[in-house]
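Asks: Here are the chains, one letter per residue:
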Amino acid sequence: MTYARDVAALARKDLLLELRARETLPAMVLFVLSTLVAFRFALPGGGTERQTIGLLWVAILFTSLVGLTRAFVPEREQRVLDGLVLAPVDRSAIWFGKVTATLAFLVAAEVVALPAYALFFEGLTWETVAAVALADIGICAVGTILAAMAAAGRARELLFPLLFLPLSLPILVGGVGAGVGDDPARFLAFLGLYDAVFAILAWASFEYVVTE
Amino acid sequence: MLVSGLALALLWAPEDADQGPSQRIFYIHVPIALTAYACFGWGAWKALRLLWTGDARYDLESYTAVHLGTIFGTLTLVTGSIWAKTSWGVWWSWGERQLVLFLVLFLFYAAYFMLRFSLAEGPARARISAVYALFGVVLIPISFLAIRLAQNFIHPVVFTRDGPQMSGDMFFTFCVCLAGMLLLAGALYLNELAGKRLDLRLRELREALELR
Amino acid sequence: MIRARGLERRYGAKRVLRGLDLDVARGDFTVVTGSNGSGKTTLLRLVAGLAAPTGGELTVDVDRAHLGFVGHESLVYRELTAIENLVLYARLYRVPEARERIGMLLERFGLWDARNERASTYSRGMLQRLALCRALLHEPSLLLLDEPYSGLDAEGAELLDRELAERRTRATFLVATHDPERLASLATGALAL
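Just so you know, the sequences run in chain order A, B and C.
Throughout the first sequence, residue numbering follows this note's numbering, covering 1 to 212 in sequence.
Throughout the second sequence, residue numbering follows this note's numbering, covering 1 to 212 in sequence.
Throughout the third sequence, residue numbering follows this note's numbering, covering 1 to 193 in sequence.
To be clear, the hints were calculated from the coordinates, so they are not data collected in a lab.
Treat the hints with care, as some may be off.
Unchecked claim - Label pairs and their calculated CB-CB ranges:
#1 C:Thr-169 to B:Arg-203: 43 to 53 Å
#2 B:Arg-206 to A:Thr-211: 27 to 37 Å
#3 C:Arg-115 to A:Leu-119: 17 to 27 Å
#4 A:Arg-5 to B:Arg-206: 30 to 40 Å
#5 C:Thr-59 to A:Ala-155: 34 to 44 Å
#6 A:Leu-19 to C:Asp-113: 16 to 26 Å
As the list claims (entries may be wrong) - To be clear about the criterion: a stretch of chain A counts as covered by chain C if any three or more of its residues have a C-beta under 8 Å from a C-beta of chain C, and this derived list gives those stretches:
#7 2 to 8
#8 14 to 21
#9 55 to 67
#10 125 to 131
Fair warning: this is a prediction, and the values are worked out from it, not measured in the lab.
Ideal Cβ placement from N, Cα and C applies to all residues, glycine included.
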């Protein structure tokens, strides 16, 4: 399937670029660690599990911000996005490739963050890990298209968090609920629903964000 | 004329209420909320039309609807806060699902205007705004679901509010208020749209003159 | 191949193109001239499909797979090498025998020795040559070139002359330039904005 190969080529390109530049991923990892440490200091008593789970999710969301704000930076220089849009590929493949790569970065950062969290605070339940995995998809799916929107205008670094945070609130609810609530399955199912609905919407509408 | 007719309808209707005076807010608050939803839905519909047909006039219609929706949304928050104060003595309640939902929507649609402001006028801005408006209308049910799920840990429900079991009289009053509010919104919408179209036309004419 | 009637493009209050009519038939070589800000770039972007008209109508009878575009920017990733950039574009344009084609183009534009260098190390002229390689990679039948000679040194300009002459019969051209005399021998029509 050429669509899948287009997506693979684009995702590979993004991973290669990050490997060369080595900017975004180290920044995300360092950021999430610093944030967790800061949260530890911010909760003198150590905090209850309810509180610390919430902080973990905030840390994850803000770390995603760090990564996603830079999502289309390589395409802005030399107007490369024009080059991709001109090509006879489905524009949604551009979205898909970018989501795949961003997902890889986010997961890499979480591979560090989750054990660190378990170390600094209470333990980590498998429900939270599952929730993080599900949430990552939604975060990247929505974040990528919003990053493209923000990149089209001025003040893009300022604008992106404003666009991303309201849409990420349901993810926060789903994630915290899965870790803390009595019925984690419902929250995990909700995260799945969020992912499905917004991923389809983003996939279908990405074309309209990058073309006129 | 239309507006004065509506004002009459709105003033007359609460006379009908045989509940305590604080309940009267209900007749304004809920219709305002429903009207806000209607505006956002209308804006999303126009956005869809824009993306489907590429006809630029839908951009102005979508924007006006979202603008109006945001105003009604803000009013929902204000009237909801007043109602909370008169009913329970607090200005805000996290147990109030509608209120929390509108807070999230307010953040989302406020970002809509920031997004629009950061983009130069043109087909790109129209398309990107339209996609964002679609995300908004999808966010409404998803957020609602999230808030319902989160009820237990966002705010333990301390204040219970009976869903109004409306008697025939009350229901009638409610419907009149709702119809009145929707008509008001419609009138404001047409008015604002006409004003914006006039602005545009004026600008085009001025430009045409300057070139001679 | 290209047909415009009353084509208009405004940016906010400013109208860059007004009531433009244009006909470019298959095999034509149309040169577009005009001072800075006259809309040459805008016109090319409209024809390429990178921008949409705000008024009038525009039909371009070519699909994206057969369209080549050179703009003011090179449209290449700075942190990838020339080869990596061209391999990516070859994939996206489904270019057959990609490796051979890429090698051939790099050689013809004198970039073979620098093929494994990142585009960020390239000079302005080399970037322009790379942009030309990128645009010609898929053997487009419609070429939209926005001041293709800009940044090129004498040698690069000669390479481009040769390339254009060689492709003259195989493609249709719409070229914006400050130097119409250079293309006078190739041109079939002119448009002044």
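Asks: A separate judgement is required for each hint: does it hold in the structure or not?
Replies: Outcome of the hint check:
At about 47 Å, the CB distance of Thr-169 (chain C) to Arg-203 (chain B) agrees with the hint of 43 to 53 Å. The supplied range of 27 to 37 Å is met by Arg-206 (chain B) and Thr-211 (chain A), whose beta-carbon atoms lie about 31 Å from each other. A hinted range of 17 to 27 Å is violated for the C-beta pair Arg-115 (chain C) and Leu-119 (chain A), which are about 47 Å apart. Remark: the range hint 30 to 40 Å for Arg-5 (chain A) to Arg-206 (chain B) is contradicted by a beta-carbon distance near 52 Å.
Against the hinted window of 34 to 44 Å, the Cβ-Cβ separation of Thr-59 (chain C) and Ala-155 (chain A) comes to about 37 Å, which satisfies the hint. For Leu-19 (chain A) and Asp-113 (chain C), the hinted distance range of 16 to 26 Å is satisfied, since their beta carbons lie about 24 Å from each other. With 3 residues carrying a beta carbon less than 8 Å from a beta carbon of chain C, the stretch 2 to 8 of chain A meets the three-residue requirement, and the given coverage holds. Under a criterion of three residues with beta carbons nearer than 8 Å to beta carbons of chain C, the stated coverage of the stretch 14 to 21 of chain A is upheld, 4 such residues being counted.
Here the stretch 55 to 67 of chain A counts 0 residues with a CB under 8 Å from a CB of chain C, which misses the bar of 3, and the coverage is violated. Counting residues of the stretch 125 to 131 of chain A whose C-beta sits closer than 8 Å to any C-beta of chain C gives 0, which falls short of three, so the coverage hint is violated.
The structure is inconsistent with the numbered hints 3, 4, 9 and 10, although it conforms to all the rest.
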